[in-house]
Amino acid sequence: MNSVEMGVSRLKAKIARASRWRARLWATILAIFTRGLTTIVSDSTQTDGTRSIPAARKIPLPDGPLVVVANHSSHADSAALVAAIGRVRPVLVVSAKDYWNQEATAEWLSAGLIGTFAISRDGDGLAELMRAKELVQAGVALVLFPEGTRSADGKVADFHTGAFRFAAEIEATVLPIAIRGTHEVLPKGARRGRHRPINLRLGNPSKINQKAIKQETVRVRDEIVELCELPIEDHPGFGWARVSRLAFGWVGLVVCFFWAFGEGIFWPLIAEMPLLLLIVTVGWRWRGLALIASACVGSIIGVVTTWWLVSHGINPPSPLTTPRMFEVAAEQLRTDLGGAFWHQMLNGIPVKVYAHEAGVLPLSFSELAVAMVPRIVRITLIGAGGWLLGNFLSRWLRSTLGLVQSVTLALFPFGLWLTVWYWTDL
Amino acid sequence: MTNKRVSRVTDTVGRWAFRVAAFYFGFMTLQWFAFRGSWFGETPTILASFFTIMDALVLTLFTLFAVAAVAAQLKPWRFSWHPWAAVLLNAGSIWLAVDVFSWIFAK
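Note that the protein sequences, when read in sequence, are chains H and G.
Sequential numbering from 1 applies to the first sequence in this note's numbering.
Sequential numbering from 427 applies to the second sequence in this note's numbering.
Extracted from the complex, chain H is given alone in its bound form:
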């Protein structure tokens, strides 16, 4: 490997690393500010001949040198293409030097966050593109918008031939991609975006015949125009689709029940956790009530089980609890039986601690049953809150639920640690 090849290979690795995080960044941003990005590819095994791939999954791309050409009507186009392609391959987006490199902030934003390869629009486009030849041959996908500028009305304008001459010159595969929805999300000149779905429809990859560049340009444009005429598909994100399936299946009910049941005995994570995760996806359906009921019943049985075990001399394990939690719970049950479980709603002491102390005292079953009312109120309130919130925010959650849940689950241990630390005697 000579020094030029080594340089290209290092640069490719750097672009690959950057492309992966840029893809995640833009997939996240598009999930939040649009109804989500879906890539639609041909698939003969499906009944309608296509397969929809959410932004969280990898899309199939051809091997070898690749030039991606797409229609252009919005700044969101580059973001959508980077989000989809950057997961699979290193990618650079050809940009206009006269637009993006006029001021430092714009240049930094475009180069850093999108990964642009700036060329001049008034010079010899092909000569400038040839600077990327080694990188494309090494495997970097180069995205070009052959219209040369964003379409103001969303219609596909005539294509310039530069991208196709470049692809023919370096024998790269050309992949046409029709971008739908970005014009509705962020049209040219708009300062704020709208919440709409975005589709990328992958066309047929092909090599370009060097002797018929103009015909090839027209052919690829026609293919993109044809794909653009197909209706925009509005699919929920990967997280929502999966969670919704679980929520409507028996698994959801079982998980809610056993989680709450376990939490009443030894399980260190709160009963409402799976309930909240699942209930936001069910909409105005009775399934929401069923999920709340299963968590409530599980919690009641769990608390009663612990009370019974402790009052018969068996102490179940209590991970992530502290002696101070037991002291406070015992004190509250002794002095204010009616209010003890009300305090438990927000104070962070696990319900199993109260159940344990109820067995130690011991409370009678009827006393325990009355004391547990706030517990049921809490589960019902949190469940109903999640149910309502899921309905009101479903427009946003459909594309972001996976992200929201991942962030919540990642941060949960810190919250748990803070709560346990609060109740630790220092």
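Do not rely on the hints blindly, as some may be mistaken.
Claimed, not checked - Here are the simulated BS3-like cross-link-like pairs (lysine-lysine), alpha carbons at most 30 angstroms apart as the crow flies:
#1 H:K97 to H:K188
#2 G:K501 to H:K97
#3 H:K155 to H:K211
#4 H:K14 to H:K207
#5 H:K188 to H:K211
#6 H:K12 to H:K58
#7 G:K501 to H:K155
#8 G:K501 to H:K207
#9 H:K58 to H:K188
Claimed, not checked - A short, non-exhaustive set of chain H residues, derived as facing chain G with CB atoms under 8 angstroms:
#10 W100
#11 E103
#12 A106
#13 S110
#14 A111
#15 F248
#16 L346
#17 N347
#18 L418
No wet-lab data here; the hints were simulated from the structure.
Beta carbons: idealized from backbone N, C-alpha and C, even for Gly.
Fit chain G to the supplied structure of chain H, relying on the hints for placement.
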């Protein structure tokens, strides 16, 4: 005459840095009163843990955003007041957060 106005992109970044900082300062003030005034009882540990984590994340993000908005004005050496106000508001929010959560968790 030299143009001392900031460009459109820098201006937009600065304005948004200010808007989000102002919004969160208001929200942080509400949290301060809620916890200091014991609106959620004497031991609101679950809510305090939740807001400690959320505030730490959001304030870090917004402060970085405000600092970046200030930095974006340095190279062209053209200034608007928005990013500076954003930095001040974020500093205020951080002070409120540290004050209220150290008070709760130091109990």
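Review point. When you check the alpha-carbon spacing of K501 (chain G) and K207 (chain H), does it fall within 30 angstroms?
Key: Violated, at roughly 45 angstroms.
Review point. Per the CB criterion, is L346 (chain H) less than 8 angstroms away from chain G?
Key: Check passed: Cβ of L346 (chain H) comes within 5 angstroms of chain G, closer than 8 angstroms.
Check your understanding: For the pair supplied as a hint, K155 (chain H) and K211 (chain H), is the alpha-carbon distance within the 30 angstroms limit?
Key -> Holds: K155 (chain H) and K211 (chain H) sit about 28 angstroms apart, inside 30 angstroms.
Review point. Holds or violated: K188 (chain H) with K211 (chain H), Cα cutoff 30 angstroms?
Key: violated, 35 angstroms
Practice item. Measure nothing beyond the straight line between the CA atoms of K97 (chain H) and K188 (chain H); if it is 30 angstroms or shorter, mark the hint as holding. Key: The hint holds at about 18 angstroms.
**Study point:** N347 (chain H) as an interface hint toward chain G, with CB separation required under 8 angstroms
**Key:** holds, 4 angstroms
Review point. K12 (chain H) and K58 (chain H): Cα distance at most 30 angstroms?
Key: holds, 19 angstroms
Practice item. Let me know if the C-beta of A111 (chain H) comes in closer than 8 angstroms to any C-beta of chain G, holds or violated. Key: Not OK, violated: A111 (chain H) not within 8 angstroms of chain G, min 14 angstroms.
Point to revise | Hinted pair K501 (chain G) and K97 (chain H), Cα distance within 30 angstroms | key: With a Cα-Cα distance of about 19 angstroms, the restraint between K501 (chain G) and K97 (chain H) holds, given a limit of 30 angstroms.
Practice item. Could you grab the alpha-carbon distance between K501 (chain G) and K155 (chain H) and see if it respects the 30 angstroms cut-off? Key: violated, 38 angstroms
Exercise for review: Could you check if L418 (chain H) really has its C-beta closer than 8 angstroms to a C-beta on chain G?
Suggested key: Where the cut-off is 8 angstroms and the nearest Cβ of chain G is about 4 angstroms from L418 (chain H), the hint holds.
Check your understanding: Should the hint that F248 (chain H) touches chain G count as held when the rule is a Cβ pair under 8 angstroms?
Key -> violated, 29 angstroms
Against the hints set out earlier in the document, violations occur for numbers 5, 7, 8, 10, 13, 14 and 15.
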